[in-house]
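Residues per chain, in single letters:
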Amino acid sequence: MKRFFTSTLLVATAAATLATGRPASAEPVTYEIDPVHSSVLWKVLHMGTSNAWGRFNDVSGKIVLDEEDQSKSSLVAVVKADSIDSANEKRDQHLKGPDFLNAKQFPEMKIESTKLTRIDDKTWQFEGNLTFRGVTKPVSFKFVRTGTGKHAKTGKELAGGEAEFTFKRSDFGMNYMPQGLGDEITVVTSIEAVRQ
Amino acid sequence: MEPMDMLWRGVGIPILASAVTTGVAVIPWIRSAWPQGIKASLAAAAATLGYLLGHLALSNWSWPGLPPLDTAHWPFFLAVAALALTLWEQWRSPREHVRWSVRGILAAATLAAVARPQLQGSWSVPYYAGATIAAATVTVLWWAGLEATVRRLPRAASLLLLLGLLCGASLILVLSGTGLVAQLTGALAAAMGPLLLIALWRPELPVHLVVVPLTVVTTAALWSNGLLYTYADLRLPSALLAATPAVTLGTVLLPPVRRMAASPRALLRWSAASFPLLASAVLIAIALVLAYASSPELAY
Chain A
0 MKRFFTSTLL VATAAATLAT GRPASAEPVT YEIDPVHSSV LWKVLHMGTS NAWGRFNDVS
60 GKIVLDEEDQ SKSSLVAVVK ADSIDSANEK RDQHLKGPDF LNAKQFPEMK IESTKLTRID
120 DKTWQFEGNL TFRGVTKPVS FKFVRTGTGK HAKTGKELAG GEAEFTFKRS DFGMNYMPQG
180 LGDEITVVTS IEAVRQ
Chain B
0 MEPMDMLWRG VGIPILASAV TTGVAVIPWI RSAWPQGIKA SLAAAAATLG YLLGHLALSN
60 WSWPGLPPLD TAHWPFFLAV AALALTLWEQ WRSPREHVRW SVRGILAAAT LAAVARPQLQ
120 GSWSVPYYAG ATIAAATVTV LWWAGLEATV RRLPRAASLL LLLGLLCGAS LILVLSGTGL
180 VAQLTGALAA AMGPLLLIAL WRPELPVHLV VVPLTVVTTA ALWSNGLLYT YADLRLPSAL
240 LAATPAVTLG TVLLPPVRRM AASPRALLRW SAASFPLLAS AVLIAIALVL AYASSPELAY
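Going down the list, the sequences are from chains A and B.
In terms of numbering that gives the first Met the number 0, the first sequence opens at residue 0 and continues consecutively.
In terms of numbering that gives the first Met the number 0, the second sequence opens at residue 0 and continues consecutively.
Note that these hints are calculated values from the structure, not bench results.
Please note: incorrect hints may appear among the correct ones.
Partial selection, computed: residues in chain A whose CB lies under 8 Å from chain B [to be verified]:
hint, residue
1, Thr48
2, Ser49
3, Gln92
4, Lys95
5, Gly96
6, Pro97
7, Asp98
8, Pro106
9, Lys109
10, Asn174
11, Pro177
Just so it is clear, CB atoms sit at the ideal spot from N, CA and C, and this is done for glycine as well.
Only chain B is shown next, with the shape it has when bound in the complex (with noise of 0.2 Å):
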């Protein structure tokens, strides 16, 4: 694929449909009198639609079969079933206790699907059931983070974190030696992109919580991907980048961050909002002095 091709399928065509979809369904909404539920719903639904075009385009137009062959496109199929999971969170507001249990099973299942391979190789099936309940608890207790994470920054700057963490994770992959996973992980990026703008125009509008179990459960399932079928140790990085959503949390929670006047806060909120992008950078400029330092034929 041409660069400038690949800009296109994984960039271009995700930002594309989900500002499309953003502005044909959302927009015109944002005065009317439909639930906020239903407004917010939409949102989750522009950028699920984006990803499903990105990772169609970034696949040749092919559709990927269902069980796919090759888990870099459960994905595809895990993003409709987050979307689901949010439009009947949105609409039927489930006890906090049911809601956490189907977020478990959905990460149990997206985890499962993903690592099934392995039971072909070196795992035994006690080691795959261990290992997915055992992903699946760290991911729901990541998905908590972020979302109390999300709760406690203003809208806007929720995104920002959001997009900070899926474009760390896409430079993470993509320096793990896999283009694809890292591509499709980028489209999910993209695809958020015009939610942060109508997050930034319209800062009512509660877009920002929803499009949560899009991000967790299509993360889980490309970066379990990259985990465990590229040839590269991604564990540190992944767990430092993972980690930031926390740090942002605990900046937002500290005492004197709380009692501060409304201006400065607002700056030190959107300051550690950005703390996943700025750990990106930080990741992605060791991993590339690494790379360079081990091996001068990058180009080939």
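In isolation and in its complexed conformation, chain A is listed as follows (with noise of 0.2 Å):
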């Protein structure tokens, strides 16, 4: 009988870390994002006509998943307003500027879990805060591991996912060309993290 249970156990943990990629029953995993393999881009339509690109350069924040308590799983993510870059100088200084982002009164913006869940063995869940421009509104959306690793020269337990959301600028006060530039403002991630 103890065997019997012994071994269902060990299917149950390969099973489990097949799945997830990391041993079950484990205590919460902490990762850092890593700003260099991050990329923030955003979209943004431009005269009704097409959506204009581009992206933050500078974005921080930790992941902890819990396999067990999934309440004790969470996002943090920050990025610099000033690291706004649209492939036009001219263009960034007044995307940063007091029209749009005013990135000297509002240097950070941030998303927070309230609530990750887990929806398959790829896919979580995302419920939470976007504090933007000094607003804070809730947002959701699903974020999907893309992989895990192995860094080829730290060693360190690599993961990787993406999410997309939708927000209106004007619900955070970002009223400047209104008839310019679209409401909706599309931010697509892809976030690379190391387990610490």
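Assembling the complex is the task here: the two chains are given apart, and the hints tell you how they should meet.
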């Protein structure tokens, strides 16, 4: 009987490890977002014609995953507003200024989970808050794991995922150029995080 | 915002609101026996109302919270505070030291409010306090100089001087890469427009001095927004523009000018009143040349 339970436990552990990429029944795992290998892209409709794309070059944050108690899982990511890069220096100055991001008054944008729920072995449902221009509003999206691995040099465990969400800039007090620029901003992120 | 819509919101609405208020309230009272102070206060109220409506229009009619989250909306409330100060000064005629003490407090409150987000950044509390006091002192000195200049000019000419300052500040802010704050400054200039016409039509009406507090407080709030929160260095053009009323004052106080006959002296005073407008034109021309030279990609 004891052997049966031991075997069952081993099979279950192996199955969970395969599904999640890490041992089951473990302590919560903390990952630090790697700013060099992570991307935060945005797009907004310009003159009702085409999407203008840009990115933020400074992102940091932490992801905590707890397989046993999902309520202890969390994600927080901080983006420096003045790291905006639209591939045009003049436009970046305008975007950083009071008309748009107002980066000197609101230097950071933050997304912070209130609930992370596992949907399947690759997908997490994110419920949380977006703080943008000093205004905090709820936001939800799916976070899809793209892979896990080990860093070739450091040997540290890596995990990657992607997410996409949309919000209305007017909800956050960004009302400038309502006819020239769309109200909806779509954020597309690819995160690579290093296990601590 | 389309250019025509922007013009309507930033210029059309402030002019219309100021003109209608001036027309409804001020003009019928020209021949009335009401004290001059009350008539003058109505002129200040007309300009303030014009600015407030322009501010709301440029903010897509969204009411700024108090305290506003974004410091670009402080001028909305500070314009009301400046009007309250004007009404108090007109009706209570406080003593000079009391008047200037209250003005100093309002100037300090204006700059403290606009600079407050810097505390979350690189400014320490002592630096914030020191910077606020220093900026408030400069603002009060500028206020005193501007008022002295306005007192020595024909009433309509003094309104031209204020309009020139506001237009120049608006243009400097536009070139700094901010639209909203520049448009708000333009809205204030537009709201002053009808008063210039009234002053030309009825030179005996004292509509010039009462709008100085509105000009100083609101411009200080808007200008400091540009200086603190844009990514352009506005210090030199701002200092040059702010100094032009002193040049005007110096010109009209020159002994040879004071000894002139009435007609040439009036012509010279009008010319001196247009210094800020001329300075703005020169500054803008230089800035445009520099901007085009440094970046051929303005048309993003």
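Consistency of the hints with the structure:
no. : hint   : verdict
1   : Thr48  : violated (14 Å)
2   : Ser49  : violated (14 Å)
3   : Gln92  : holds (5 Å)
4   : Lys95  : holds (6 Å)
5   : Gly96  : holds (5 Å)
6   : Pro97  : holds (5 Å)
7   : Asp98  : holds (5 Å)
8   : Pro106 : holds (6 Å)
9   : Lys109 : violated (13 Å)
10  : Asn174 : holds (5 Å)
11  : Pro177 : holds (6 Å)
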